[in-house]
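Produce the complete structure using the sequences and hints provided.
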Amino acid sequence: MKFVNWLYRAWSQPYSWLTLLKPLEWLYRAVVKRKFKRFQQSPELSYQAAVPVVIVGNITVGGTGKTPLILWLIEYCQQQQLSVGVISRGYGAKPPAYPWAVSASDSAAIAGDEPLLISQRSQVPVVIDPDRAQAARYLTEHYDVQLILSDDGLQHYRLARDCELVLIDGQRQLGNGYCLPCGPLREPAERLSSVDAVLFNGACDSAASFAFQVEPAAFIHLKTGERFSLDHFPQGQAVHAVAGIGNPQRFFNTLTALGYQAIPHAFADHAVFTGEEFNFADDLPVIMTEKDAVKCRAFAADNWWYLAVDARPTANFVAWWAEKLTELLQLPKEEQVNGSKTS
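Heads up: the sequence shown begins at 0 in the numbering used here, then just goes up one per residue.
Bear in mind the hints are in silico, worked out from the structure with no lab data behind them. Check the hints yourself; a few may be wrong.
[What the hints assert, rightly or not] Quick list of in silico lysine to aspartate or glutamate cross-link-like pairs, EDC-like style, CA-CA up to 20 Å:
| no. | residue 1 | residue 2 |
| --- | --- | --- |
| 1 | Lys222 | Asp282 |
| 2 | Lys21 | Glu189 |
| 3 | Lys222 | Asp161 |
| 4 | Lys34 | Asp130 |
| 5 | Lys34 | Glu289 |
| 6 | Lys34 | Glu24 |
| 7 | Lys36 | Asp161 |
| 8 | Lys36 | Glu163 |
| 9 | Lys36 | Glu189 |
| 10 | Lys323 | Asp161 |
| 11 | Lys36 | Asp195 |
| 12 | Lys34 | Glu163 |
| 13 | Lys32 | Glu43 |
| 14 | Lys222 | Glu289 |
Predicted model, so just to flag it, every value in this text is computed and none were measured.
Structure (structure tokens):
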């Protein structure tokens, strides 16, 4: 994890020794641009699902808040009486076979942490498969859905898409603007001009830009599932903060902003836990992310909690999304979704 943090610091600088890798960056950039152009010019190479597909992805390495936003999109669609399903690569998952329909009772080892979290929170069908086209086909053949949300997959062009939402960390933004390995970009920055919407997680440069905040909602006790308010612990309470996510510092900062003394324990994104990692030499509360909690519930101790969070998009994005849903689903005018809803 220290190496990852160091790499992000290097990527945030406009000039560094990483520029020595510029020839590799040129090669990488050329390959991804050629791949994008190939699928643009030959749409028959992509699988077109029976229902609209919305990609929720990013062009940078690391976490950008996709899971909270996907959960918000699901909730919004459900409020509009729309049936939605989710597909995902299922990073780290080892199911008996692919494609795999995730059950809320699955273990994270079988389903992957993020797909399991989405399944448990939303109770919508979730299908995982490294081949997202195959996952989309399975989803529409086995479930009655009107819309597919793809967790990541922006660069998975074998799956045709009807809408692309790209999320950008408001703090890290695009780093130094270079592609891998010189910088954090999976695709050149100009790729953003071809997507349907760009959303900043947190602060953004313009009030007119789309953005969302990931806001803490409650503390959940891992063993009992009981829900407690954000002021459940005394102000200034020291807590062990556990985060195996793309940007753990964001989680630590959230706990600090709530008035707690966060003792940080950062792990790699999608880290596998056994419980031994949390044998701290005290009885202080252990607070983790919900993504980590789905992997730890089976062996949770009495003083383990997770912080549930919710995405809160800006009103201008909510209105845009309402219009986009109408367009995607080709609803008659009188059946348009309500653009005034903000939560």
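Hint by hint, here is what the structure shows:
1. Proximity of lysine 222 to aspartate 282 is assessed by CA-CA distance (about 16 Å); at most 20 Å being required, the pair is judged to hold.
2. Under the criterion of a C-alpha separation no larger than 20 Å, the hint pairing lysine 21 with glutamate 189 is consistent with the structure, at around 18 Å.
3. Between lysine 222 and aspartate 161 the alpha-carbon distance is near 41 Å, which puts this suggested pair outside the 20 Å criterion.
4. Restraint check: the Cα-Cα separation between lysine 34 and aspartate 130 comes to about 16 Å, which is no more than 20 Å; the hinted pair holds.
5. Between lysine 34 and glutamate 289 the CA atoms are separated by roughly 35 Å; this puts the pair beyond 20 Å, and the hint is violated.
6. About 15 Å separates the Cα atoms of lysine 34 and glutamate 24, which keeps this hinted pair within 20 Å; it holds.
7. For the given pair, lysine 36 sits about 17 Å from aspartate 161 by alpha-carbon distance, which is consistent with the 20 Å threshold.
8. A distance of roughly 16 Å separates the Cα atoms of lysine 36 and glutamate 163; the hinted pair therefore holds under the 20 Å criterion.
9. Distance hint between lysine 36 and glutamate 189 is fulfilled; the C-alpha atoms sit about 13 Å from each other, no more than 20 Å.
10. This hinted pair checks out: lysine 323 and aspartate 161 have alpha carbons roughly 10 Å apart, not beyond 20 Å.
11. Of the pairs offered as hints, the one joining lysine 36 and aspartate 195 holds, with about 17 Å between alpha carbons and a cut-off of 20 Å not exceeded.
12. Note on lysine 34 and glutamate 163: the hinted pairing holds, with a Cα-Cα distance of about 17 Å set against a maximum of 20 Å.
13. Restraint check for lysine 32 and glutamate 43: the C-alpha separation of about 18 Å stays at or below 20 Å, so the hint holds.
14. Restraint check: the Cα-Cα separation between lysine 222 and glutamate 289 comes to about 13 Å, which is no more than 20 Å; the hinted pair holds.
Going down the numbered hints, you'll see the structure goes against 3, 5, while the others check out.
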